[in-house]
Amino acid sequence: MRFRIYRYDPESGARPRMQDYEIAFDPAGKKVLDALIAIKEQQDESLAFRRSCREGVCGSDGLNINGVNSLACVTALAGLKEPIEIRPLPRLAVIRDLVVDMGQFYRHYRAVKPYLINLDPEPESERLQSPAQRAELDGLYECILCGCCTTACPSFWWNPDKFLGPAALLQAYRFVADSRDQAADERLDYLEDPYRLFRCHGIMNCVEVCPKGLNPTAAIGKIKTLLVKRSL
Amino acid sequence: MIAKRTFDAVIVGGGGAGLRAALQMARADLKVAVLSKVFPTRSHTVSAQGGITAALGNVSEDDWHWHMYDTVKGSDYLGDQDAIEFMCRNAASAVYELEHMGLPFSRLANGKIYQRQFGGQSKHFGGEQAVRTCAAADRTGHALLHTLYQRNIAARTQFFEEFFALDLVRDAEGYVLGVVALEIESGEPMLFESRVTLLATGGGARIFRHSTNAHINSGDGLGMVLRAGLPLEDMEFWQFHPTGIPEVGSLITEGVRGEGGYLLNKDNEKFMVRYAPNAKDLASRDVVSRAIAQEILAGRGCGPHGDYVLLKIDHIGADKIKERLPGIRELSMQFAGVDPCEAPIPVTPTAHYMMGGIPTNLRGQVVAPERYGPEEAVPGLYAVGECACVSVHGANRLGGNSLLDLVVFGRAAGDHAIEYLRENPFPRALPGDSVAASLARLARWERPTGTERVPQLRAEMQRILQEHCGVYRRADLLEAGIAKLGGVEARLADAYVEDRSKVFNTARLEALELENLLPVARATLVSALARTESRGAHSREDYPARDDDRWLRHTLYTRAADQLDYKPVRLKPLTVETFQPQERTY
Chain A
1 MRFRIYRYDP
11 ESGARPRMQD
21 YEIAFDPAGK
31 KVLDALIAIK
41 EQQDESLAFR
51 RSCREGVCGS
61 DGLNINGVNS
71 LACVTALAGL
81 KEPIEIRPLP
91 RLAVIRDLVV
101 DMGQFYRHYR
111 AVKPYLINLD
121 PEPESERLQS
131 PAQRAELDGL
141 YECILCGCCT
151 TACPSFWWNP
161 DKFLGPAALL
171 QAYRFVADSR
181 DQAADERLDY
191 LEDPYRLFRC
201 HGIMNCVEVC
211 PKGLNPTAAI
221 GKIKTLLVKR
231 SL
Chain B
1 MIAKRTFDAV
11 IVGGGGAGLR
21 AALQMARADL
31 KVAVLSKVFP
41 TRSHTVSAQG
51 GITAALGNVS
61 EDDWHWHMYD
71 TVKGSDYLGD
81 QDAIEFMCRN
91 AASAVYELEH
101 MGLPFSRLAN
111 GKIYQRQFGG
121 QSKHFGGEQA
131 VRTCAAADRT
141 GHALLHTLYQ
151 RNIAARTQFF
161 EEFFALDLVR
171 DAEGYVLGVV
181 ALEIESGEPM
191 LFESRVTLLA
201 TGGGARIFRH
211 STNAHINSGD
221 GLGMVLRAGL
231 PLEDMEFWQF
241 HPTGIPEVGS
251 LITEGVRGEG
261 GYLLNKDNEK
271 FMVRYAPNAK
281 DLASRDVVSR
291 AIAQEILAGR
301 GCGPHGDYVL
311 LKIDHIGADK
321 IKERLPGIRE
331 LSMQFAGVDP
341 CEAPIPVTPT
351 AHYMMGGIPT
361 NLRGQVVAPE
371 RYGPEEAVPG
381 LYAVGECACV
391 SVHGANRLGG
401 NSLLDLVVFG
411 RAAGDHAIEY
421 LRENPFPRAL
431 PGDSVAASLA
441 RLARWERPTG
451 TERVPQLRAE
461 MQRILQEHCG
471 VYRRADLLEA
481 GIAKLGGVEA
491 RLADAYVEDR
501 SKVFNTARLE
511 ALELENLLPV
521 ARATLVSALA
531 RTESRGAHSR
541 EDYPARDDDR
551 WLRHTLYTRA
561 ADQLDYKPVR
571 LKPLTVETFQ
581 PQERTY
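Residue numbers (UniProt numbering), protein chains in the order written: chain A, 1 to 232; chain B, 1 to 586.
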């Protein structure tokens, strides 16, 4: 199989380049991560990439594969056009090869206060939540923070420092939507901003690429609806 | 001199155990640093699926004492009954606490936390099946890990993401004074000085070829402890999960069977009834794994090579599967090419969990036979989670007890460390050579040439453990395995890493991880050869019976000369009566 992989070595002083690899590899049942590991083990140990769970739940290996942001460990090799072109997630600073600096992404996540706020005394057992209330969190809590959505978003590309991006906004709504949370107003105050939220123009790249099948655009839409409702 | 940072406590590992302990200390206004070789939510806790066990009694009558009985029996009586009582007594409050933190548990119609059946659970000390495992669909580990990370953000815990811990710093009197770590991005070593060091580095099932574990599970804390001259406990006990996807290794939760799934051999027979007439598919994991191995050995496995069996769940209906097991459906379609709503999932026993580990007491303090006795605390050193052996899992862990272990003992260790820090307010002087060993290890991988490569040696080690120390063990197989592993260890001296760049050098990282994996593999083989009985997950073909007279005791392995010591099982619980060892049937 043939691959073209983005290489950048910050210590060499050289500009980033695309490097071609050819490896004998039966793609049946295998994922892009399997091929990257084979290349690293058999041909070029200097190739750097992140990986951990290798089953699509830890979110380490978000990459741009043939132009689409996806997780290397769940992207099947079969059916990908060769040479398979692998680049780091777009618009983030590259540390080395396929490893990007996720700092900005994590700062946006932290900015939305991604934790339950409830100042009532804690009951002796669980707080009750009906199955219907709990169902409001489905499609939100499953986010693995891989960064595929945010780095596929043109609004994030233009304003990466000011627009929170789909992943952080999805998490913001995850807590607004939680029947146990008491800080919805405070959360909406923070989001009511021309950049943080309103740079989302419903382009929906995030929905298209999310490896967990989540829909950040819908969550952002719900935040906007809540903002409109409370202004009336 | 290398850069130095100073904290009250340094926690190595950002999974469930490390984050729970960090939270406890951060809330006590201590200066806490969490070092993790990956961003915390990439830790392996994220892969836990089925749930966390606590006798809440939300679905049917339950009692922590029954949970304790099941755990003692599940451990094949090797678990320490004081620690098991402590865990089961504290289980409900630990789960409620997670709920209060925001963990999105699935819910019952009355609004309480959803619970499902899991293996080895009973009411009334061995009676009918209990319903005890609390779940967030089949993503409980993900929900737990993210919730704990989120609480740590709120508590302003300081994270050092992508720092790889190299070695413990210990002074002449045995106090642990911190760790030396490698900043992965810069490639620079850094000294973390702290009065408390807590290891929460997770398991090491990557010593096996077929494992449910993430790539990162290389037993790093275990390697650090062995290099510091401290022992590891019960390393012969590794759980083979009955239902991993063949070749790939991905876990298919026991919750599938808890929700009504069952195993089939190639004759379409529900074979578990022959091995566990009462509990059937919800027998303990060691029992189910042996049953599958027996079916495969008897030629009743499925597929072209007859090397797996089938897990059928479609009969509960697509709606239930999509609601309760959505992650399993996703994994099964991605990695086995099967939609479980329509067809059974191929599964085979797969290395999953390390019951042994760094010996601790039930406050999380690392204990070792130093001067006075086998339970002497190593001052300043704690261990929690899969890397630790407290020992609540004994010879076989029950499903749903590992997430519980993380949060109960994470909290307990945090509490004890807070006390320890109050009693030890002043840092002790660092020894002059505190970073020398770590720097020498790093320098060793700067050598430009050699004949051996790290991935090759790792693969050989994994093959040896798979073939010589699997579900069934035998003296001659284990002896041959030790000899072969010796060959791999000898070749490590000739291994080299061609890439000597500093920034994010993952080839060097894998070399350093191999230096942790190999001693874990050796500890496993040596401990397994010595234990001439079958107990829990350790099944000796040549010693098929449990032997309480000789072997109702814990193994302690020390690296120097492969020394083995033993210490008694703590049969006396904290407040209740001892569960006396009995024949174990399901």
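For the record, the hints were derived by calculation from the structure and aren't laboratory data.
We put the CB at the ideal spot given by N, CA and C, even for glycine.
One thing to keep in mind: the hints can contain errors.
[Unchecked claim] Straight-line distance between alpha carbons at most 27 Å, and here's what the computed BS3-like set of lysine-lysine pairs gives:
id, chain 1, residue 1, chain 2, residue 2
1, B, 280, A, 212
2, B, 320, A, 113
3, A, 30, A, 222
4, B, 322, A, 30
5, A, 212, B, 312
[What the hints assert, rightly or not] Covered, in the sense of this in silico footprint (three residues per stretch, anywhere, with C-beta under 8 Å from a C-beta of chain A), are these stretches of chain B:
id, region
6, 212-222
7, 324-331
8, 501-511
For each hint, the structure was consulted:
no., hint, in the structure
1, 280/B x 212/A, "violated (34 Å)"
2, 320/B x 113/A, "violated (33 Å)"
3, 30/A x 222/A, "violated (38 Å)"
4, 322/B x 30/A, "holds (25 Å)"
5, 212/A x 312/B, "holds (24 Å)"
6, 212-222, "holds (count 3)"
7, 324-331, "holds (count 3)"
8, 501-511, "holds (count 7)"
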